[in-house]
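Visitor: So you can see what is in the structure, the chains are spelled out below.
There are 2 protein chains.
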Amino acid sequence: MAELDEARLDLTLKAVDDGLDGSLDRLFSFLRIASISTDPAHQAACRSAAEWVAGALEDLGFTAVVHPTAGHPVVVARTDTGAPRRVLFYGHYDVQPVDPLDLWETPPFEPRLGETPDGRRTIVARGACDDKGQVLTFLEALRAYRATLGRLPVDVTVLLEGEEECGSPNLPGFLAAHAGELAADVALVCDTGMWDPRTPSITTSLRGILHTELTIEGADRDLHSGLFGGAARNPIHVLAQILGEAHDASGRVTLPGFYDDVLELPEEVRTRWAGLGLTAEAFLKPVGLSVSSGESDRMVIEQIQSRPTLEVNGIFGGYTGAGTKTIIPARATAKISFRLVADQDPAKLRAGFEAFVAERVPADCRAVFHWGEGARAFLVPPESPNLTRAAAALEREWGVAPVTIGSGGSIPVVGQFKDRLGVDTLLIGFALDDDRVHSPNEKYDLTSFHKGTRSWVRILDVLA
Amino acid sequence: MAELDEARLDLTLKAVDDGLDGSLDRLFSFLRIASISTDPAHQAACRSAAEWVAGALEDLGFTAVVHPTAGHPVVVARTDTGAPRRVLFYGHYDVQPVDPLDLWETPPFEPRLGETPDGRRTIVARGACDDKGQVLTFLEALRAYRATLGRLPVDVTVLLEGEEECGSPNLPGFLAAHAGELAADVALVCDTGMWDPRTPSITTSLRGILHTELTIEGADRDLHSGLFGGAARNPIHVLAQILGEAHDASGRVTLPGFYDDVLELPEEVRTRWAGLGLTAEAFLKPVGLSVSSGESDRMVIEQIQSRPTLEVNGIFGGYTGAGTKTIIPARATAKISFRLVADQDPAKLRAGFEAFVAERVPADCRAVFHWGEGARAFLVPPESPNLTRAAAALEREWGVAPVTIGSGGSIPVVGQFKDRLGVDTLLIGFALDDDRVHSPNEKYDLTSFHKGTRSWVRILDVLA
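Residue numbers (numbering that gives the first Met the number 0), protein chains in the order written: chain A, 0 to 463; chain B, 0 to 463.
It is worth saying that the hints were derived from the structure and are not from the lab. It cannot be assumed that every hint is accurate.
Claimed, not checked - Calculated pairs, DSS-like style, for lysine-lysine (alpha carbon to alpha carbon, straight line, at most 30 angstroms):
1. K284(B) <-> K324(A)
2. K284(A) <-> K324(B)
3. K417(B) <-> K347(B)
4. K324(B) <-> K324(A)
5. K450(A) <-> K417(A)
6. K417(B) <-> K450(B)
7. K13(B) <-> K450(B)
8. K324(B) <-> K417(A)
9. K347(A) <-> K324(B)
10. K450(A) <-> K13(A)
11. K417(A) <-> K347(A)
12. K347(B) <-> K324(A)
13. K13(B) <-> K324(A)
Said to hold, decoys possible - Where chain B lies over chain A, by a calculated footprint (3+ residues, C-beta under 8 angstroms):
14. 182–191
15. 226–232
16. 235–246
17. 261–268
It should be emphasised that the depicted structure is a prediction, and the values quoted were computed from it without experimental measurement. Where is the CB? At the ideal position from N, CA and C, for every residue including glycine.
With the sequences and hints as input, model every part of the structure.
Guide: Structural data, given as structure tokens:
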């Protein structure tokens with residue numbers, strides 16, 4: 000039986016190898032659709048991309064539905080063969096905007112093969128990696144199974160949204176409304192990266208996220224700074240003082256209780272991370288910085304992965320045009336995001352920040368908040384059987400054990416899968432650090448595409 | 000001799016009264032020219048306004064020249080009768096923009112007569128007060144002298160610029176280049192206000208001003224706040240901390256040495272100001288505030304007139320559009336202005352602020368400053384003979400002694416007259432608090448225009 004299974008697996012992997020040109024043709028077709036979700040001018044293209052993937056899934060024997068939403072459609076496709084296990088695969092068919100267009104060497108929606116300076120072959124286009132190329136590694140693995148076995152080793156539900164690049168505003172509601180239909184034993188997300196071009200990885204932690212926009216309101220109009228300056232409160236000063244006091248000199252966030260639900264690293268992880276020898280200087284040098292701004296008693300890898308942050312993403316108030324205008328503005332606004340780790344609760348952070356601000360707002364000013372929904376941090380327990388199985392499958396494909404890594408980023412859908420569907424997620428992807436995701440000349444290594452597809456063949460085999 | 004002079008003065012004042020309709024006609028012609036200096040679309044209108052006033056001055060026997068500059072023209076006109084004294088009159092022919100246009104009850108460049116709710120007759124138009132109406136009080140006084148005596152009691156140089164509403168960028172250079180031609184015994188500026196509709200005033204102090212734009216530069220690009228947040232320095236945080244530390248809890252500016260050259264009020268002035276009984280609550284209530292943000296041990300009138308300030312007029316950095324974008328921006332900028340008092344030196348403040356910022360900028364960030372030229376504070380000594388004479392003339396016209404007041408605002412030309420021409424300035428104007436200067440439905444009281452003109456007749460008489 001094991002030998003027979005092994006032979007079938009080999010056949011399926013060979014089907015991936017033999018079908019690579021066809022896989023590339025399909026990826027190129029998908030990449031030609033300019034599905035920029037944030038730009039209303041590309042609404043029809045987003046719809047086309049949704050229909051393209053729905054069609055591709057129907058080709059594979061899925062029942063596919065393109066669900067309208069208040070924004071771009073959500074595609075849900077499923078097989079129902081009565082297999083004992085079901086996986087839920089999540090990805091997105093939308094892409095980032097392409098500006099600045101003049102920095103692209105070839106048009107972003109005319110995919111081509113390229114080569115890196117060190118000789119790696121690549122697929123170049125907007126979305127080549129994020130997320131169309133990564134999504135197709137999974138779909139092409141399914142195709143190989145269909146071609147060899149005539150069926151899939153597990154039942155599969157595919158969920159593809161078209162608003163990931165603009166904050167997935169309609170996904171939480173969709174998940175709540177379709178929770179029953181989306182039930183599965185495990186969720187798979189292919190939107191993360193490898194450790195390096197030879198070493199696969201599984202992302203086992205993500206930071207959560209919480210957004211707010213804080214506006215300090217003062218006088219009922221902009222005031223002349225000569226006539227009122229010295230007496231009238233300046234909301235920019237109030238906002239600057241609040242934000243300036245939010246970190247202390249050691250880089251810690253000063254909000255009372257901010258670190259209460261932050262867990263210390265397990266000793267094993269701390270030792271392993273310390274062994275990586277990543278210095279702040281090495282980490283920051285590629286972006287023109289050299290000194291970490293983070294908690295001075297933490298390793299830089301902790302600062303970016305296992306420690307929470309308060310970050311001001313944008314600020315504006317008063318006169319921002321050319322030249323001068325001597326006003327005391329009526330209001331000033333900061334866009335703030337928190338990255339959450341471990342057990343930090345978005346609702347508790349929200350209350351804590353509101354209290355911190357309230358203590359610093361003068362009696363005749365007002366603080367107005369606009370909060371986003373927020374997402375907790377995500378952590379796969381190291382003893383998870385699915386994690387162990389997937390790691391073994393990746394090791395067989397790549398010849399080297401995958402590195403389990405944390406990411407400082409946030410993929411809110413992972414928390415929503417846990418909270419709304421009760422399902423755990425495996426984050427496995429084949430992106431590389433030089434893929435220029437969100438930038439001009441985005442690419443995906445041909446090896447990532449090919450061996451990524453083979454990896455999913457192996458992972459589906461072990462999850463079955 | 001004194002009786003003869005008195006009779007001539009009465010004749011001239013009567014000429015003002017009898018000629019009021021003609022004066023209004025000329026003001027209306029001037030007001031119809033949409034000389035908005037900040038808007039390039041109105042360049043021809045600014046030129047027309049310059050030519051209009053040059054023509055009006057030639058009508059009065061002046062030799063007038065419209066001098067081109069890098070911006071809008073400067074008009075210089077002069078009489079040369081060999082009179083023992085010469086006055087230099089300064090005003091501006093440009094006006095503020097008119098937006099929001101839909102708040103105007105009648106078109107801003109179609110002047111009309113109106114009435115206030117309490118029955119004062121007014122002239123309504125953009126520039127009715129600031130500064131076309133005020134300028135014409137002076138020119139119409141000259142006209143009355145020409146009509147009655149055939150000559151002026153003093154020689155007069157009139158200097159009218161067209162860039163006052165956009166910071167007078169070309170005036171300092173012009174003054175330097177034409178210092179000899181502009182020499183005079185005293186300068187007169189008609190761009191300030193009355194104490195109330197019945198009480199004239201002379202402005203005897205102005206705060207100076209110094210502008211800078213401060214940019215904090217961090218990474219060489221905007222960074223993903225998930226991947227870099229916790230380690231990469233956020234320029235908004237650096238800027239907020241600098242600005243947040245620039246004032247202490249008592250409202251004092253914390254820059255070392257900031258108050259070194261600030262003088263305490265003479266006891267007489269302090270007693271008089273205290274007697275005014277102006278509370279912060281009363282001063283701030285009309286703009287929706289109630290608590291002074293200024294130095295807690297100072298009266299509000301000190302805070303706005305005799306104490307220096309550091310004010311952030313605008314701030315921007317990172318993502319400022321709708322929704323969220325989780326970046327750590329590459330830079331953040333604040334537009335800052337200082338109001339200077341007493342002996343404060345712009346160059347010294349500049350050095351002090353740069354040092355204050357430098358101490359707070361991390362090693363891998365940069366602080367970039369763009370400084371304006373700066374202007375010292377202005378103070379007329381209370382014993383000035385011209386001040387005493389002008390005050391007596393105003394008292395005769397209005398029946399009540401003028402109040403000498405300070406203004407928290409800045410009129411840099413006054414310092415330039417002192418520094419470049421060696422001439423002291425008398426600031427006398429007839430604007431009222433409800434004139435809506437810079438706002439829709441700007442007006443000038445007909446009484447301000449009429450008795451303002453009569454006031455200049457009397458002032459020129461005593462200055463002769």
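Visitor: None of the hints should be skipped; say for each whether it holds.
Guide: We went through each hint and held it up to the structure:
1. K284(B) <-> K324(A): Given that 30 angstroms is the threshold and the Cα spacing comes to 23 angstroms, the pair holds.
2. K284(A) <-> K324(B): It holds: about 23 angstroms lies between the C-alpha atoms, which stays within 30 angstroms.
3. K417(B) <-> K347(B): Within the cut-off at roughly 19 angstroms; holds.
4. K324(B) <-> K324(A): holds, 28 angstroms
5. K450(A) <-> K417(A): holds, 29 angstroms
6. K417(B) <-> K450(B): holds, 29 angstroms
7. K13(B) <-> K450(B): holds, 12 angstroms
8. K324(B) <-> K417(A): This hinted pair holds, its Cα atoms lying about 25 angstroms apart.
9. K347(A) <-> K324(B): holds, 23 angstroms
10. K450(A) <-> K13(A): holds, 12 angstroms
11. K417(A) <-> K347(A): Since the Cα atoms of K417(A) and K347(A) sit roughly 20 angstroms apart, the hinted pair holds (cutoff 30 angstroms).
12. K347(B) <-> K324(A): holds, 23 angstroms
13. K13(B) <-> K324(A): Cα-Cα ~43 angstroms, so violated.
14. 182–191: violated (count 0)
15. 226–232: holds (count 7)
16. 235–246: holds (count 11)
17. 261–268: Check failed, 0 qualifying residues.
Violation of the numbered hints given earlier is confined to hints 13, 14 and 17; the remaining hints are satisfied by the structure.
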